[in-house]
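*Asks:* Chain A is fixed; fit chains B and C onto it per the hints.
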Amino acid sequence: MAELKLSGIVKNFGAVRVLHGIDLVVQDGEMIVIVGASGCGKSTLLRIVAGLERSTGGTVLIDDRDVTALEPAARDIAMVFQNYALYPHMRVFDNMAYGLRIRGLSKEDIKRRVQEAADLLGLSELLDRRPRELSGGQRQRVAMGRAIVREPKLFLFDEPLSNLDAKLRVAMRAEIKRLQRRLGVTSLFVTHDQVEAMTLGDRLVVMHEGRAAQIASPMEIFERPADTYVAGFIGSPSMNFLPATITEDAKAATLSDGNIIALPPGQFAARPGQKVTLGIRPEHISLTGPLRLTIDLVEPLGSECVVHGKLASGEIMALRLPGAPPSATVLDIAPRTEHLHVFDAETGKRLPPPA
Amino acid sequence: MQRKAIFNNKLLPYLLLAPQLAITFVFFFWPAGEAVWYSFIRQDAFGISKQFVGFENFTDLFADPLYHQVIINTLIFSLAVTVLAMGLALGLAVLADRHIRGKDGYRTLLIWPYAVAPAIAAILYIFLFHPDIGLIGRALKAAGVDWNYTLNGNQAMLVVVLAAAWKQVSYNFLFFLAGLQSIPRSVLEAAAIDGASATYRFRTVIFPLLSPTTFFLLVINITYAFFDTFGIIDALTKGGPGNATQTLIYRAYIDGRVNLDLGSSSAQSVVLMIAVMALTFVQFRFIERKVHY
Amino acid sequence: MAEARNSIAAPVGMAGSNPRADMLTHVVLVLGVLLFALPIWIVLMGSTHDAGTIGRGDVPLLPGAEAAANYSAVWNQGNKQRAGVPVSTMMFNSAIMALLITFGKIAISIISAYAVAFFSFPGRMLFFWAIFITLMLPVEVRIFPTFQVVSDLGLVNTYAGLIVPLIASATATLLFRQFFLTIPDELVEAAKMDGAGPIRFFKDVVLPLSATNIAALFVILFVYGWNQYLWPLLVTTSTDVETIMIGIVKMLGSQGDTEWHLVMATTVLALLPPVAIVILMQRWFVKGLVETEK
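Residue numbers (our numbering), protein chains in the order written: chain A, 1 to 355; chain B, 356 to 648; chain C, 649 to 942.
Hints in this document: simulated from the structure, not taken from any laboratory. Zero decoy hints are in this set.
Pairs of lysine to any residue residues, derived as SDA-like cross-links and limited to a Cα-Cα distance of at most 25 Å, are as follows:
| id | chain 1 | residue 1 | chain 2 | residue 2 |
| --- | --- | --- | --- | --- |
| 1 | B | Lys365 | C | Phe828 |
| 2 | A | Lys107 | C | Ile847 |
| 3 | C | Lys935 | A | Pro131 |
| 4 | B | Lys593 | C | Thr906 |
| 5 | C | Lys935 | B | Thr578 |
| 6 | C | Lys898 | B | Arg612 |
| 7 | B | Lys593 | C | Asp905 |
| 8 | C | Lys935 | B | Gly457 |
| 9 | B | Lys359 | A | Glu53 |
| 10 | B | Lys359 | A | Ile102 |
| 11 | B | Lys365 | C | Lys851 |
| 12 | B | Lys496 | C | Thr906 |
| 13 | B | Lys593 | C | Met739 |
| 14 | A | Lys251 | A | Lys275 |
| 15 | C | Lys898 | B | Phe582 |
| 16 | A | Lys111 | A | Phe93 |
| 17 | C | Lys898 | C | Phe740 |
| 18 | C | Lys898 | B | Ile491 |
| 19 | B | Lys359 | C | Met773 |
| 20 | C | Lys898 | B | Met512 |
| 21 | C | Lys898 | B | Ala599 |
| 22 | B | Lys359 | A | Gln82 |
| 23 | B | Lys458 | C | Leu683 |
| 24 | A | Lys349 | A | Pro265 |
| 25 | B | Lys359 | A | Thr59 |
| 26 | C | Lys898 | B | Asn598 |
One chain only, chain A, in its complex shape (with noise of 0.2 Å):
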């Protein structure tokens, strides 16, 4: 059990700078996950906090032990694997209880620890099998069992669901997230689905273009989000943005085609005349109000629907509807006032709240 550090993180490859410099600190038992598009430097993050990567500039301290310069092994954690990384030649058993022979523990004590873990993951049936012989999911739990014997002080998790089938890939979700509240270890998970992020984490990191966007619990990141980055990559279908400008009395802001649209009152700080992008999720429609939308595809999904449409200033719109899908082929829709979001045209930056 432990706290994990991370100040000033930078690192380079040759000439290009993928991570700018991250803060993070994971709190004792706290599951966090990194999330992004491939590319923003999340797997690298990950892997500067296992000793695989080293990093160009920041420290790296678990327990308050500084551990950058350390080798992987020396510093008492443990990863699970994308491709799981299983040893195809040894069976289960020694899969989980490698690590541990390695740092010397006496037999007995390893047989109890393989036998706790696998009947944790209910893997005590297939300990004398080989990696080949199992399923996805079961490779899976192996390598859950390999981190989970060696008693870490940190789980790395880098993305390790993204193999698994759809159906097995929520199971396994559930357990992984129930294996870890149980047994209490600090961990850290990469992962670039926003369902697996939002399910699993206490707290998300966003990542974008190697900065950490915004770090926050996940209902604060949907329901705040601090930039148009992190508000578009949060949400399905992604949050709708319609450019505008503020009103005289910095109330309201005006639309391209003249509409003026209401500020929730208090919320955000907003200077008469700025520019600013009003962020209207799609399920916070309603199906009154001055904006006219032409339809020009509707995807049923069953208990609700998904509707595409563009909007007379040629902007295009998603509107999430409960329900079938309405038979009219132009609908006149307003944000929800309470849940707009507003963020400065310039910056993308999420207006403040008034001071």
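*Replies:* Just chains B and C, lined up with the frame of chain A:
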């Protein structure tokens, strides 16, 4: 090309490479360098004085009518061995690739000559073609042919070619079979649906798709005939009768080991090195271009 | 793969359903097999007859009664008239040479490939090319200078002189390197997490995973080592280290007074070990051969 995940030790990789590199330098580069150096040196008969003679060893070598004959022998020998060994192997591989019973058995029965040493292959062929004790040799004589490969140069060449090709067929057979088995079934089915007959299909689909294998084997067989047939020639004919079956390698051996002619032997080694480099170069150029596809 | 597809020469889909074509195929293949086996048969049968039968020029195609006598004669005394070395001694020398070459080549190639594939160090590519380029310098093209070096080192007529110069292997190094590049990065990283260093990883993971490649190379290299002819001819003159290949060609002598029945028995013994290994380990051998060269 290198893998991403590596170990960081500084000294260990050098230690791991040391034995291989030591042997490589002492027994490959050092002698090869000496060969080049001595190819420009002439030594008197008693090995007392040495003298730098430029390209004289080479000009002498290429002015020597005997060396001309050796070159021609080598070309005839290599061409005959290659054509014979590859042709037979391709025919057998096509047949063994048919969906018939016992094809694995045929493979087993055809691959073992690979394991027979060149010198042993030569001895086997003595028992076939020897004029007094050879099965075929005696039959030829009985049929009125004036057969004696120990006296007739053309007959000697024929016997070494047969022995060398016999030994190489199984190697070619394995590669042709592997090549045939890697042709996707769908391609053949498409050709069949297009109405191509079996022979037409072989000519227009299978053979072109086999061309990388064929080309690869071409280089390998020429290399084999050039360099790996020393034992066959030494055991069967000792390069004779006359010089009828002397190849480049055999000549280099005679001049180096028997005649102890340092300059000429070294010059011949250099010529052979250039030949191997040319063959290797050709091989890599064409493998890169993937021949045909 | 092979069982998933049909024949090439026969009409697709109808393969195996044309009895006449199949019969013809079998006939031709059997003829091919017989053609290959004929010389071996002659030698095998000849080795069971006495000197007179073969000396007369009768080529026996059926077994005779002298098998035990001939084989025990060559095994224990070799070619008595010429004070030859017993075949058992020559076989022993050949076995030592072949096995040491085989394991030597495998050992030094696998560790150098490991260095090149799993470490990053100054000179890595230079050393790799240095090894690679030896492909172009077979012993046959540098006969005299290599003999010179071995003689300067005082290794003529020794096992070391027979073996050491032959155990560098670019082919085996390339094969192992090729295979090592297919080992997933994550496996290396998982081992690092487990606390395994390079030597431990080599012993516990790389070596077991290389078992098939080692088996294949064993066959190829044993055949190579056993069948060496030119090199032993150059560096051995003493009968103490005479290999079977050299010995058997010596037995031929001037061919005027050759004891053919003994040559035949020796031939059978000389080709037995490599042929047996190729046939028994066929599966690995075929795989290894096709992969080595591609």
